[in-house]
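Trainee: Going line by line, the protein sequences match chains A and B.
The first sequence begins at 288 in my numbering and counts up by one.
The second sequence begins at 29 in my numbering and counts up by one.
Please note: incorrect hints may appear among the correct ones.
[As the list claims (entries may be wrong)] To give an idea of the interface, some chain B residues facing chain A are shown, with a C-beta separation under 7 angstroms as derived from the structure:
| # | residue |
| --- | --- |
| 1 | Pro32 |
| 2 | Ile36 |
| 3 | Thr56 |
| 4 | Gly60 |
| 5 | Val61 |
| 6 | Trp65 |
| 7 | His67 |
| 8 | Gly68 |
| 9 | Asp69 |
| 10 | Ile103 |
| 11 | Gln104 |
| 12 | Ala138 |
| 13 | Val140 |
| 14 | Ile143 |
| 15 | Ser147 |
[Stated by the list, open to error] Pairs of lysine-lysine residues, derived as DSSO-like cross-links and limited to a Cα-Cα distance of at most 27 angstroms, are as follows:
| # | chain 1 | residue 1 | chain 2 | residue 2 |
| --- | --- | --- | --- | --- |
| 16 | B | Lys85 | A | Lys438 |
| 17 | A | Lys483 | A | Lys559 |
| 18 | A | Lys426 | B | Lys85 |
| 19 | A | Lys426 | A | Lys483 |
| 20 | A | Lys483 | A | Lys438 |
| 21 | B | Lys85 | A | Lys483 |
[Said to hold, decoys possible] A few chain B residues that face chain A, going by a derived Cβ cut-off under 7 angstroms, partial list only:
| # | residue |
| --- | --- |
| 22 | Glu80 |
| 23 | Lys85 |
| 24 | Gln96 |
| 25 | Gly97 |
| 26 | Val107 |
| 27 | Trp150 |
None of these hints come from the bench; they were simulated from the model.
The beta-carbon is built from N, C-alpha and C at its ideal position, and this holds for glycine as well.
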Amino acid sequence: MTAYEIVIIIFSGSLIAGFLGSLSGLGGGLIIVPLLVLGVNVDIHYAIGASLIAVIATSTGASSAYVREGFSNIRVALLLETATTIGALVGVVIAAQMSAPLLSILFGTILLYCSFASFYANGSDDHAFPPDKIATFFKLNSYYPTASGNKPYQVQHLPWGYLVMFIAGGLSALLGIGSGALKVLALDKIMKLPFKVSATTSNFMIGVTATASAGIYLHLGYIDPLLTMPVVLGVIIGSLSGARLLPYIKTNTLKYLFAGLILAIAAQMIYKGLHGMI
Amino acid sequence: MKEPKIVILETIVGNVLRVGLTLALVVTLIGGVLFLWQHGDQIYDYHLFSGEPFFLKDTQVIIQRAFQGSTPAIIQLGVLLLIATPVIRVFACLIIYLYQRDYMYVLIAAMVLSILLFSLSWHG
Chain A
288 MTAYEIVIII FSGSLIAGFL GSLSGLGGGL IIVPLLVLGV NVDIHYAIGA
338 SLIAVIATST GASSAYVREG FSNIRVALLL ETATTIGALV GVVIAAQMSA
388 PLLSILFGTI LLYCSFASFY ANGSDDHAFP PDKIATFFKL NSYYPTASGN
438 KPYQVQHLPW GYLVMFIAGG LSALLGIGSG ALKVLALDKI MKLPFKVSAT
488 TSNFMIGVTA TASAGIYLHL GYIDPLLTMP VVLGVIIGSL SGARLLPYIK
538 TNTLKYLFAG LILAIAAQMI YKGLHGMI
Chain B
29 MKEPKIVILE TIVGNVLRVG LTLALVVTLI GGVLFLWQHG DQIYDYHLFS
79 GEPFFLKDTQ VIIQRAFQGS TPAIIQLGVL LLIATPVIRV FACLIIYLYQ
129 RDYMYVLIAA MVLSILLFSL SWHG
């Protein structure tokens, strides 16, 4: 393909990925790698590099808006980033050893999980837990703004959250994704943070985690300018316009559509991986 | 309640992130347009992984080549700017905790920062 054709195809695909990703809350990073691998016949290692850079861009774009709103718990983010960034470094080492078909199968499996997990998101708003010793030691308990004033919450099960974050960091580097679904699972379901706090805190962590592996990938030569440029620009424009339209669109129908799309992509990644067609 | 100085610092951080992101995207776009102008009709194949040439993977060389006008290096410079924004964010956290004399979190932020700097300065 000529450079023009590559850029046009990748840019339009990334635009749609960013748009659907921000509307569905699943993130655009999930379908960038399949887009490049299945759509443009790019080696999966290049695809992972380009996707990671797009993940950093969307995370920064979203968190520059959230910094002052008081939702994210920065202490929780920083503490858990020691796990995600080290996990990311481990992920880089594993990715360099793994063959393209194996990576493709693993990617498909994670997509399957994300597709199913998207149906039972949203935790409860009940946060009446007793203070946890470890969380108190690390001064993690905080409060968040609600309509009826600041509401306190007690962070739970830090060690389990830490472990899941380590895995999330590894998968982020290994597959070039934000691992947002897994991060929210750890914050929301395991550590019992309020859902809004989990979402914004996870967003802050996604950018930092992706940076830990992106630096090394750049130096390893995984980041190609011709592929990365249309991915980054497409995803960021798509996700910003998605965020604008969010209040006017029925997201539930869209969520099902996107989950269905991801399911189909997952099947193809696994099938092609198993038959060595990647 | 948050102290006014912290609020000011957070506003600065928010602005730095926005400016950094915008700058990164503009540089990437300029590099991309110029690249297509020069090499738009060239055929590229990414089916097999061979890795980028040295001048597109070493931080110092990327910056050098970008200022000499190499269009792929200009795109990589945009990528470097993007990678730098979360690093600045963590650094800002460190400063905020230092100001609050919360030394446990100064240490934790320093740990995260050193992992990021290790990754950015890593050489094959």
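Trainee: All hints are to be evaluated individually against the structure, with a verdict given for each.
Mentor: To see whether the hints hold, each was checked on the structure:
1. About 13 angstroms separates the beta-carbon of proline 32 (chain B) from the nearest beta-carbon of chain A, more than 7 angstroms, and the hint is not met.
2. Here the hint on isoleucine 36 (chain B) is broken, as its CB sits about 11 angstroms from the closest CB of chain A, past 7 angstroms.
3. At a threshold of 7 angstroms, the smallest CB-CB gap from threonine 56 (chain B) to chain A is about 5 angstroms, leaving the interface hint in force.
4. Because the smallest distance between the Cβ of glycine 60 (chain B) and any Cβ of chain A comes to about 4 angstroms, under 7 angstroms, the interface hint for this residue holds.
5. At its closest, the beta carbon of valine 61 (chain B) sits 9 angstroms from a beta carbon of chain A; the interface hint therefore is violated under the 7 angstroms criterion.
6. For tryptophan 65 (chain B), the shortest C-beta to C-beta distance to chain A is roughly 10 angstroms, which exceeds 7 angstroms, and the interface hint is violated.
7. With its C-beta approaching chain A no nearer than about 5 angstroms, histidine 67 (chain B) sits inside the 7 angstroms limit, and its interface hint holds.
8. Checking glycine 68 (chain B) against chain A by beta carbon gives a least distance of about 5 angstroms; that is within 7 angstroms, so the hint holds.
9. Because the closest C-beta pair between aspartate 69 (chain B) and chain A is about 5 angstroms apart, less than 7 angstroms, the hint holds.
10. The criterion of a C-beta within 7 angstroms of any C-beta in chain A is met by isoleucine 103 (chain B), whose closest approach is roughly 4 angstroms, and the hint holds.
11. Hint status for glutamine 104 (chain B) relative to chain A: holds, with the closest Cβ pair at about 6 angstroms, below 7 angstroms.
12. Restraint check, alanine 138 (chain B) versus chain A: the minimum CB separation of about 10 angstroms is more than 7 angstroms; hint violated.
13. For valine 140 (chain B), the interface hint holds, the least distance from its beta-carbon to any beta-carbon of chain A being 5 angstroms, beneath 7 angstroms.
14. The closest approach between the C-beta of isoleucine 143 (chain B) and any C-beta of chain A is roughly 4 angstroms, which is under the 7 angstroms cut-off, so the hint is satisfied.
15. A distance limit of 7 angstroms between C-beta atoms decides the matter here; for serine 147 (chain B) the minimum to chain A is near 4 angstroms, and the interface restraint holds.
16. Restraint check for lysine 85 (chain B) and lysine 438 (chain A): not satisfied, since their Cα atoms lie roughly 47 angstroms apart, outside the 27 angstroms limit.
17. For the proposed pair lysine 483 (chain A) and lysine 559 (chain A), the alpha carbon gap of about 38 angstroms is over 27 angstroms, so the pair is violated.
18. Pair hint lysine 426 (chain A) plus lysine 85 (chain B) does not hold up; C-alpha atoms about 40 angstroms apart against a cutoff of 27 angstroms.
19. With a C-alpha separation of about 20 angstroms, the suggested pair lysine 426 (chain A) and lysine 483 (chain A) falls inside the 27 angstroms cut-off, and the hint holds.
20. Among the hinted pairs, lysine 483 (chain A) with lysine 438 (chain A) is consistent with the structure: their alpha-carbon atoms are about 12 angstroms apart, no more than 27 angstroms.
21. Only pairs whose Cα atoms come within 27 angstroms are accepted, and lysine 85 (chain B) paired with lysine 483 (chain A) is rejected, the gap being roughly 38 angstroms.
22. Nearest Cβ of chain A to the Cβ of glutamate 80 (chain B): about 4 angstroms, under the 7 angstroms cut. The hint holds.
23. With a least beta-carbon distance of about 5 angstroms to chain A, the hint placing lysine 85 (chain B) at the interface is held under the 7 angstroms criterion.
24. The interface hint given for glutamine 96 (chain B) is violated, since its Cβ lies 15 angstroms from the closest Cβ of chain A, which is over the 7 angstroms cut-off.
25. At about 14 angstroms, the closest approach between the beta carbon of glycine 97 (chain B) and any beta carbon in chain A exceeds 7 angstroms, and the interface hint on this residue is violated.
26. Restraint check, valine 107 (chain B) versus chain A: the minimum CB separation of about 6 angstroms is within 7 angstroms; hint holds.
27. Hint on tryptophan 150 (chain B) holds. Least Cβ distance to chain A is approximately 5 angstroms, under the 7 angstroms limit.
Taken one by one, the earlier hints fail for this structure at numbers 1, 2, 5, 6, 12, 16, 17, 18, 21, 24 and 25, listed in ascending order.
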